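2 protein chains.
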Amino acid sequence: MHIMIIGGAGMVGAKLAKSLAGAGTLGDAPVDKLTLVDVVAPRVELPDGPQVELREADLSDPKVAKSLVDLRPDVIYHLAAIVSGEAESDFDKGYRINLDGTRYLFDAIRHAHGQDGYRPRMIFTSSIAVFGAPFPDSIPDDYFRTPQTSYGTQKAISELLLEDYTRRAFFDGLALRLPTICIRPGKPNLAASGFFSNILREPLAGQEAVLPVPDSVRHWHSSPRAVVRNLVRAGAMDLAPLGHRRSISLPGLSATVAEQIEALRDVAGDKAVALIRSEPDETIQRIVAGWPQRFETARARELGFSAESDFREIIAVHLEDELGTTVEDYRERQG
Amino acid sequence: MHIMIIGGAGMVGAKLAKSLAGAGTLGDAPVDKLTLVDVVAPRVELPDGPQVELREADLSDPKVAKSLVDLRPDVIYHLAAIVSGEAESDFDKGYRINLDGTRYLFDAIRHAHGQDGYRPRMIFTSSIAVFGAPFPDSIPDDYFRTPQTSYGTQKAISELLLEDYTRRAFFDGLALRLPTICIRPGKPNLAASGFFSNILREPLAGQEAVLPVPDSVRHWHSSPRAVVRNLVRAGAMDLAPLGHRRSISLPGLSATVAEQIEALRDVAGDKAVALIRSEPDETIQRIVAGWPQRFETARARELGFSAESDFREIIAVHLEDELGTTVEDYRERQG
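These protein sequence lines are chains Z and E, in that order. Sequence positions in the first sequence follow my numbering and run 80 to 414. Sequence positions in the second sequence follow my numbering and run 80 to 414.
Please keep in mind that the hints were generated in silico from the structure rather than gathered at the bench. Source: prediction; values computed, not measured. It is possible that some hints are incorrect.
Any copy, or any two copies together, can satisfy a pair, since identical chains are not distinguished.
[Said to hold, decoys possible] Listed next, the in silico DSS-like pairs over lysine-lysine satisfying Cα-Cα at most 27 Å (straight line): (1) Lys266 <-> Lys97; (2) Lys145 <-> Lys172; (3) Lys350 <-> Lys97; (4) Lys142 <-> Lys112.
So that you can see chain Z by itself, here it is in the shape it has in the complex (with noise of 0.2 Å):
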């Protein structure tokens, strides 16, 4: 079996790598080869297994879409975008790459289809962007996309082209609708939603970290490698019985900031929770104000995909995959 990952060179897209060229498996079949594609050269290590190979290519450029198809990859994971903030401030840009990038992939394969039959599995990471403020406390699945940003936008839009080519039959598709990840590791970024990220991944480190808004505020979670494990689950099960609606909410954990700083504390203690300094700060409570907070997910989990119950395993989550350690181990060593 031959794997494609378009954002390759992603935090997911590397990780997501590494998780199936480990398991050298993907469902019953054997992964032969990994082909990870980025507008970056993609730099991963992975475990011995598969042959792999790096592709620099920019999906936005019309004619990189066939060379993809060309090598006829039995899954394609498309992770590739560009994030929320750029696609706002760069009207054309978001368009050309979230929108168009999209289209070119999804019509490569359909002319290649009209070929030689060519049907690939298509798993495309979409977004809680999808949907706008106002909406209930709990997103039910039937809930309407009322995207508010352009982001938002192109992901709706690339969710109903999925579904239309999978109802055609040119691919097996799903979308796939990302909690926000966390803990990302990495340096801080400054992204909107990276606070969620930095005041846990900081203090861990014993480094001081920004809060920019009341602990009160909620939002929804998973930890990366729920997001990776969902991703593995996706391009390997059936999707025949999930019929036309191929667009899903992942399940995630929804919790407040001040839950967030419980978990803190409970495993690395006071100290660490001290080094969160609050600096209030408008703009982004203005725009968290406008996130999702819950979702209902049932129809995710029906299906089998999961995500992190409570704030202390994303935390341990973090600890093991990035740090090495155990939250026991942690423990010890900060005495």
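Once you've looked at the hints, dock chain E against the given chain Z.
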């Protein structure tokens, strides 16, 4: 005020043009000019008044949108589309006209907005085909878009684009999902929905009509007159109170075929009803089974949009607007 109707040669476009020319105003503003655009040169006889320009132009040609926007109409009605059956049988043509054509138009306005702040009113006719079965008995305003045709997908994507371009203030847009128009004037056509009109229009004219479904079939209807009245309203009303949610299911009349037939009997007697011949057609029955039957439309009604509340009203509208008579005169003539 300059009003442009794209799709001005169609049944709704021509009736809208007549209504606007006849009224001479839209809201409080005089209608100085009407530009009717279609792929075939519109041939419409209009009441005297506004200057009228007829343009033969194909919106799926990328250059056309700019030439239309160069005229800087104050209000644009975008009604142009290929119909559901054709969009399903010709995938490329459907996306080229119903999606790309719409996007060319929206982008031409965006570029004009960037040049001189141009910001027209944009009224787009969407469709209940953005919804696909299964759905609840009555579809609420916040129900998710789940099209099951390429046509419905193209309309749903156009709604999302309209909402993003409106949020960005490139234009002031509103997408109206029209009910099935009944009684559609003219000759019987081959559209799967044609029989809803045929079984009334033909017997009213003393002709036979074929009913391909059981009379228990329920559907969602509105007269041409109500649709035009709602389009005129949309062109003139203050849209700011709608916020960013600019796609609305218009009011309609939910009725079974049996209710249609009883209304026909009431107006035209048993002799007319006897002209309806039942010829079950499994293909049409299967298609119709996937169609919506009823909408809540609370939001549209709050905004002053309306439709008929009884099928006798719909028949009366047809007699008045198409046959130039009233129910009483019609009955008298039938003896």
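List in ascending order the numbers of the hints, as given earlier, that are violated by the structure.
The structure conflicts with hint 3 only, although it agrees with all the remaining ones.
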